[in-house]
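Peer 1: Let the hints inform the model, and build the full structure from the sequences given.
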Amino acid sequence: MDHIDPDTKEKMENYVAMSAMFVKILMASFPMLFVPQQCGDDPCTMGEKFGAWNWLFLVNFLTFGTFGGLYYVQAKRESFMITNFDEDDDKAENHLTEQIVKYPDIHSKIVSLNTGIRKCNYACMGMYAVNTVYSSLFILLWRYLDSTTLTVLITNSLLVQGKLMQIHASYTGDDLAMSTVGTRPKVFNVIDKDVPAPDTAAADDVVIEELAVE
Numbered sequence: 636m637d638h639i640d641p642d643t644k645e646k647m648e649n650y651v652a653m654s655a656m657f658v659k660i661l662m663a664s665f666p667m668l669f670v671p672q673q674c675g676d677d678p679c680t681m682g683e684k685f686g687a688w689n690w691l692f693l694v695n696f697l698t699f700g701t702f703g704g705l706y707y708v709q710a711k712r713e714s715f716m717i718t719n720f721d722e723d724d725d726k727a728e729n730h731l732t733e734q735i736v737k738y739p740d741i742h743s744k745i746v747s748l749n750t751g752i753r754k755c756n757y758a759c760m761g762m763y764a765v766n767t768v769y770s771s772l773f774i775l776l777w778r779y780l781d782s783t784t785l786t787v788l789i790t791n792s793l794l795v796q797g798k799l800m801q802i803h804a805s806y807t808g809d810d811l812a813m814s815t816v817g818t819r820p821k822v823f824n825v826i827d828k829d830v831p832a833p834d835t836a837a838a839d840d841v842v843i844e845e846l847a848v849e
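In our numbering, the protein residues as written are 636 to 849.
Everything labelled a hint here was simulated from the structure, so no lab data went into it. Backbone N, C-alpha and C fix where the C-beta goes; we use that ideal spot for every residue, glycine too. Be a bit skeptical, because a hint or two may be false.
Unchecked claim - Distance condition first, Cα-Cα at most 25 angstroms in a straight line; then the derived DSS-like pairs of lysine-lysine:
no., residue 1, residue 2
1, 646, 684
2, 659, 646
3, 828, 711
4, 821, 754
5, 644, 754
6, 754, 744
7, 828, 646
8, 828, 737
9, 754, 646
10, 644, 744
11, 711, 744
12, 659, 754
Unchecked claim - Here are the computed distance ranges between Cβ atoms for each label pair:
no., residue 1, residue 2, range
13, 725, 750, 27 to 33 angstroms
14, 692, 753, 24 to 30 angstroms
15, 682, 642, 43 to 49 angstroms
Peer 2: This is the structure we're talking about:
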């Protein structure tokens with residue numbers, strides 16, 4: 636992969652990481668299917684789980700749908716940041732906030748993407764909480780198999796909660812472009828060197844307008 640440019644390589648790595656996490660989210664969204672349960676005297680088969688359809692399956696599907704929307708926005712945001720921003724250890728983490736004023740189009744786009752991921756993340760938090768509470772109560776009260784039932788419920792819940800909180804941190808802090816992929820949050824703090832230089836006159840107009848508003 637030496638011939639692949641760094642941005643493309645980073646995007647591919649992000650897609651792989653997101654795909655791995657998406658499998659866990661799929662399992663956490665459908666506890667009615669993937670959590671070990673008891674049907675009668677034996678463990679439930681997948682067919683028995685499907686056969687015992689109830690309103691909780693609808694909640695499972697709605698939860699999965701909200702995560703699908705979140706992942707779509709997340710993928711767009713990550714791709715945009717990799718294309719337009721970079722990480723420079725010699726610059727302050729908030730350097731981008733000052734530099735991006737000269738790039739109004741890029742600025743408005745990242746603000747829009749941050750707003751989108753914030754709304755999607757809140758929707759996922761609410762839907763996932765409802766799904767987890769009601770599905771867990773149903774399974775624990777009427778289909779509890781053994782300790783693996785509780786273990787899987789807790790493990791899936793913690794994994795997804797960790798991801799939701801990581802995304803939450805990306806739009807509640809002072810950093811304008813924090814990645815939501817990977818265990819170590821990457822903060823993009825400079826404009827990518829491949830981005831064309833801004834029109835100086837247009838950039839000055841933006842600064843003047845902002846000063847006028849203040």
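Peer 1: Check the hint pairing residue 828 with residue 711 against an upper bound of 25 angstroms on the C-alpha distance.
Peer 2: At roughly 20 angstroms apart (the allowed maximum being 25 angstroms), residue 711 and residue 828 satisfy the hint.
Peer 1: Measure nothing beyond the straight line between the CA atoms of residue 754 and residue 646; if it is 25 angstroms or shorter, mark the hint as holding.
Peer 2: 23 angstroms, holds
Peer 1: Is the hinted pair residue 659 and residue 754 satisfied, with a Cα-Cα distance of at most 25 angstroms?
Peer 2: At roughly 22 angstroms apart (the allowed maximum being 25 angstroms), residue 754 and residue 659 satisfy the hint.
Peer 1: Take a quick look at whether residue 754 and residue 744 sit within 25 angstroms of each other, Cα to Cα.
Peer 2: Judged against 25 angstroms, a Cα distance of about 15 angstroms means the pair holds.
Peer 1: Is residue 828 within 25 angstroms of residue 737, Cα to Cα?
Peer 2: Holds: residue 828 and residue 737 sit about 14 angstroms apart, inside 25 angstroms.
Peer 1: Compare the distance between the alpha carbons of residue 646 and residue 684 with 25 angstroms, and conclude whether the hinted pair is satisfied.
Peer 2: Distance of about 37 angstroms is beyond 25 angstroms: violated.
Peer 1: Tell me if the straight-line CA distance from residue 711 to residue 744 falls inside 25 angstroms.
Peer 2: 11 angstroms, holds
Peer 1: Please work out if residue 644 and residue 754 have their alpha carbons no farther apart than 25 angstroms.
Peer 2: 29 angstroms, violated
Peer 1: Please verify whether residue 821 and residue 754 have alpha carbons no more than 25 angstroms apart.
Peer 2: With a Cα-Cα distance of about 21 angstroms, the restraint between residue 821 and residue 754 holds, given a limit of 25 angstroms.
Peer 1: Taken at face value, is the distance from the CA of residue 744 to the CA of residue 644 at most 25 angstroms?
Peer 2: The given pair, whose Cα atoms are some 23 angstroms apart, holds under the 25 angstroms limit.
Peer 1: Please work out if residue 828 and residue 646 have their alpha carbons no farther apart than 25 angstroms.
Peer 2: 17 angstroms, holds
Peer 1: Under the criterion that the straight-line Cα-Cα distance not exceed 25 angstroms, is the pair residue 659, residue 646 satisfied?
Peer 2: 20 angstroms, holds
Checked against the numbered hints above, the structure breaks hints 1, 5 and satisfies the rest.
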